Amino acid sequence: MARTMTEPDTAAVREQGRPDGGSGPSSARVLLADPDVDAGRELVLALGRHRVDVAVCADGAEALLRLGAIRPDLLIVSADLPGVDALTLIQVLRRSMDLPVLVGTGPRNAETAARALAAGATACVARPYRAPELLAFIMGTAAEPAVEPLADSELRVGPIRLDARGHHVRVDGRPLTLPLREFEILHYLMRHPGRVITRDELHHQVWRTARPPAANTINVQITRLRRRLTATTSAVQIRTVRGMGYRMDVPAPGGG
179 MARTMTEPDT
189 AAVREQGRPD
199 GGSGPSSARV
209 LLADPDVDAG
219 RELVLALGRH
229 RVDVAVCADG
239 AEALLRLGAI
249 RPDLLIVSAD
259 LPGVDALTLI
269 QVLRRSMDLP
279 VLVGTGPRNA
289 ETAARALAAG
299 ATACVARPYR
309 APELLAFIMG
319 TAAEPAVEPL
329 ADSELRVGPI
339 RLDARGHHVR
349 VDGRPLTLPL
359 REFEILHYLM
369 RHPGRVITRD
379 ELHHQVWRTA
389 RPPAANTINV
399 QITRLRRRLT
409 ATTSAVQIRT
419 VRGMGYRMDV
429 PAPGGG
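Residue 179 is where the sequence shown starts when you use this note's numbering, and the numbers rise one by one after that.
Rather than coming from a laboratory, the hints here were simulated on the basis of the structure.
These numbers were taken from a predicted model, which means no experiment stands behind them.
Please note: incorrect hints may appear among the correct ones.
[What the hints assert, rightly or not] The following label-pair restraints were derived from C-beta to C-beta distances: (1) T401 with P306: 28 to 38 Å; (2) D427 with R352: 15 to 25 Å; (3) A309 with D341: 31 to 41 Å.
In this text, a Cβ means the ideal position worked out from N, Cα and C, and glycines have one as well.
Throw the hints in and build the complete structure from the sequences for me.
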């Protein structure tokens with residue numbers, strides 16, 4: 179059962195800091211809003227090993243106060259946040275800040291997850307949190323994006339050019355015909371190249387249903403899309419990140 183974090187608990191979590199004693203610059207700043215003190219302590223230690231500074235607060239009201247003070251690179255908010263709830267926090271945040279927001283959800287938070295994404299959350303992640311999944315997201319958002327917007331409805335990633343409005347895909351100038359679901363998956367991956375996209379995120383952003391698709395449906399769609407892309411180019415690859423999701427890898431400019 180989650181415990182409510184008191185102010186001394188919060189301070190104790192912050193004081194543990196990075197295992198390197200705080201030396202060297204941070205690679206990212208994260209604000210975690212979660213009432214479970216153990217969840218906060220574990221993330222401070224686990225992410226601190228990778229030079230990620232994690233500030234912890236216990237409720238939504240404190241999170242709103244601290245957002246402006248520390249200007250984090252990422253906000254992680256529990257779906258069960260007390261006080262100012264997760265949905266309200268996201269809605270208020272979106273009025274003034276374009277900040278990546280992850281919502282930590284459990285098996286009973288499906289409805290909250292869908293509403294949080296509609297309110298402007300970036301993605302949902304499993305709670306209890308898994309440090310490798312969060313770290314992959316943090317590193318992905320910190321990297322220089324490889325996506326190039328060409329127009330309101332067009333994107334280009336490596337040799338792939340996608341027109342969402344016209345429902346066209348071209349690879350090295352050659353048309354690639356995709357079924358609707360594969361097109362939507364590709365579109366979402368192209369909006370977030372280099373970042374791990376979880377299966378839950380694909381479910382909410384592509385399928386847009388309260389109930390997730392059959393267990394193997396996402397895997398099958400990804401496999402089919404990967405085969406079509408592999409047949410046309412080797413410059414862009416969709417990789418499976420075991421236990422986490424999928425990532426679109428694109429060579430760095432000038433990297434061959």
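Hint compliance check: list the failing hint numbers for this structure, sorted ascending.
none
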